[in-house]
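Peer 1: So the chains spell out like this:
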Amino acid sequence: AQSVAQPEDQVNVAEGNPLTVKCTYSVSGNPYLFWYVQYPNRGLQFLLKYITGDNLVKGSYGFEAEFNKSQTSFHLKKPSALVSDSALYFCAVRDKGNQGGKLIFGQGTELSVKP
Amino acid sequence: DSGVTQTPKHLITATGQRVTLRCSPRSGDLSVYWYQQSLDQGLQFLIQYYNGEERAKGNILERFSAQQFPDLHSELNLSSLELGDSALYFCASSVQLGGGNTGELFFGEGSRLTVL
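So the sequences go chain by chain: Z and H.
Take 8 as the starting number for the first sequence in my numbering and just add one per residue.
Take 11 as the starting number for the second sequence in my numbering and just add one per residue.
Wrong hints could be hidden among the right ones.
As the list claims (entries may be wrong) - Calculated cross-link-like contacts (lysine-lysine; reagent style BS3-like; alpha-carbon spacing at most 30 Å): (1) Z:121 to Z:65; (2) Z:103 to Z:76; (3) Z:76 to Z:29; (4) H:67 to Z:56; (5) Z:65 to Z:29; (6) Z:103 to Z:65; (7) Z:121 to Z:29; (8) Z:65 to Z:76; (9) Z:76 to H:19; (10) Z:103 to Z:84; (11) Z:84 to H:67; (12) Z:121 to H:67.
Hints in this document: simulated from the structure, not taken from any laboratory.
Keep in mind that this is a model prediction, so the values were computed, not measured.
I would like the entire structure built from these sequences, with the hints used as guidance.
Peer 2: Right, dumping it as structure tokens:
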């Protein structure tokens, strides 16, 4: 079965510092990986995805993610955190095992950026 | 704005009751997915429809059902409600079907259900 894991429930970062939100995956074959962000009382917003090609993927709001096949990881990064980045972040993998192609989500990581 | 519309945004009801949540996908999207988000279970996939047909089923209770209509909007019906059904219910849509779909899902703002 395909899955993703987000090992940290919460990440705390000072504004201006780099941030990393971790994600590891378990997939047979080549994975399709996604990052979403959820602000309070809002829906999930798409940030970026990895399908194939360059291991460093750039997305919205200055975020990027690095795909590492040997470590089965897809960590989300940003060089300089903003207080407004504080939100809940979800890593997801596409389920290629059925017709539906649903996304399977990790448990989420709460990012807190302090001034 | 993702283009996916969900109504109602908030719903408060009593145990044993029945509610219907509605979703209008993005224009042109044929696939609709329903997810449940709760504090203890995270984001759980419930069910998916493609062009009116059920295509994938997840952790959906027998008390819950869904359908997709010819105009592609979808409804999630929750019956015999229990306290534990209190959650955020999200609808998402995408253009394509299938595991090989490289596209992302677009999520609505959700319907917050509170069962008292």
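Peer 1: Evaluate each hint against the coordinates.
Peer 2: A quick look at each hint next to the structure:
Proximity of residue 121 of chain Z to residue 65 of chain Z is assessed by CA-CA distance (about 24 Å); at most 30 Å being required, the pair is judged to hold. The suggested pairing of residue 103 of chain Z with residue 76 of chain Z holds, with an alpha-carbon distance near 17 Å, which does not exceed 30 Å. Annotation: proposed proximity of residue 76 of chain Z to residue 29 of chain Z holds, straight-line Cα distance about 14 Å (limit 30 Å). In summary, the hint linking residue 67 of chain H to residue 56 of chain Z is supported, as the alpha carbons are separated by about 24 Å, within the 30 Å threshold.
Distance hint between residue 65 of chain Z and residue 29 of chain Z is fulfilled; the C-alpha atoms sit about 16 Å from each other, no more than 30 Å. Distance restraint check for residue 103 of chain Z and residue 65 of chain Z: the Cα-Cα separation of roughly 23 Å lies within the 30 Å cut-off, and the hinted pair is therefore satisfied. A distance of roughly 19 Å separates the Cα atoms of residue 121 of chain Z and residue 29 of chain Z; the hinted pair therefore holds under the 30 Å criterion. Of the pairs offered as hints, the one joining residue 65 of chain Z and residue 76 of chain Z holds, with about 17 Å between alpha carbons and a cut-off of 30 Å not exceeded.
A hinted pair counts as satisfied when its Cα atoms are at most 30 Å apart, and residue 76 of chain Z with residue 19 of chain H does not qualify at roughly 40 Å. Note on residue 103 of chain Z and residue 84 of chain Z: the hinted pairing holds, with a Cα-Cα distance of about 26 Å set against a maximum of 30 Å. The hinted pair formed by residue 84 of chain Z and residue 67 of chain H fails the criterion: a straight-line CA distance of about 33 Å is larger than 30 Å. For a cut-off of 30 Å, the pair hint linking residue 121 of chain Z to residue 67 of chain H is broken: about 41 Å separates their Cα positions.
Consistency with the previously given hints fails for numbers 9, 11 and 12, ordered from lowest to highest.
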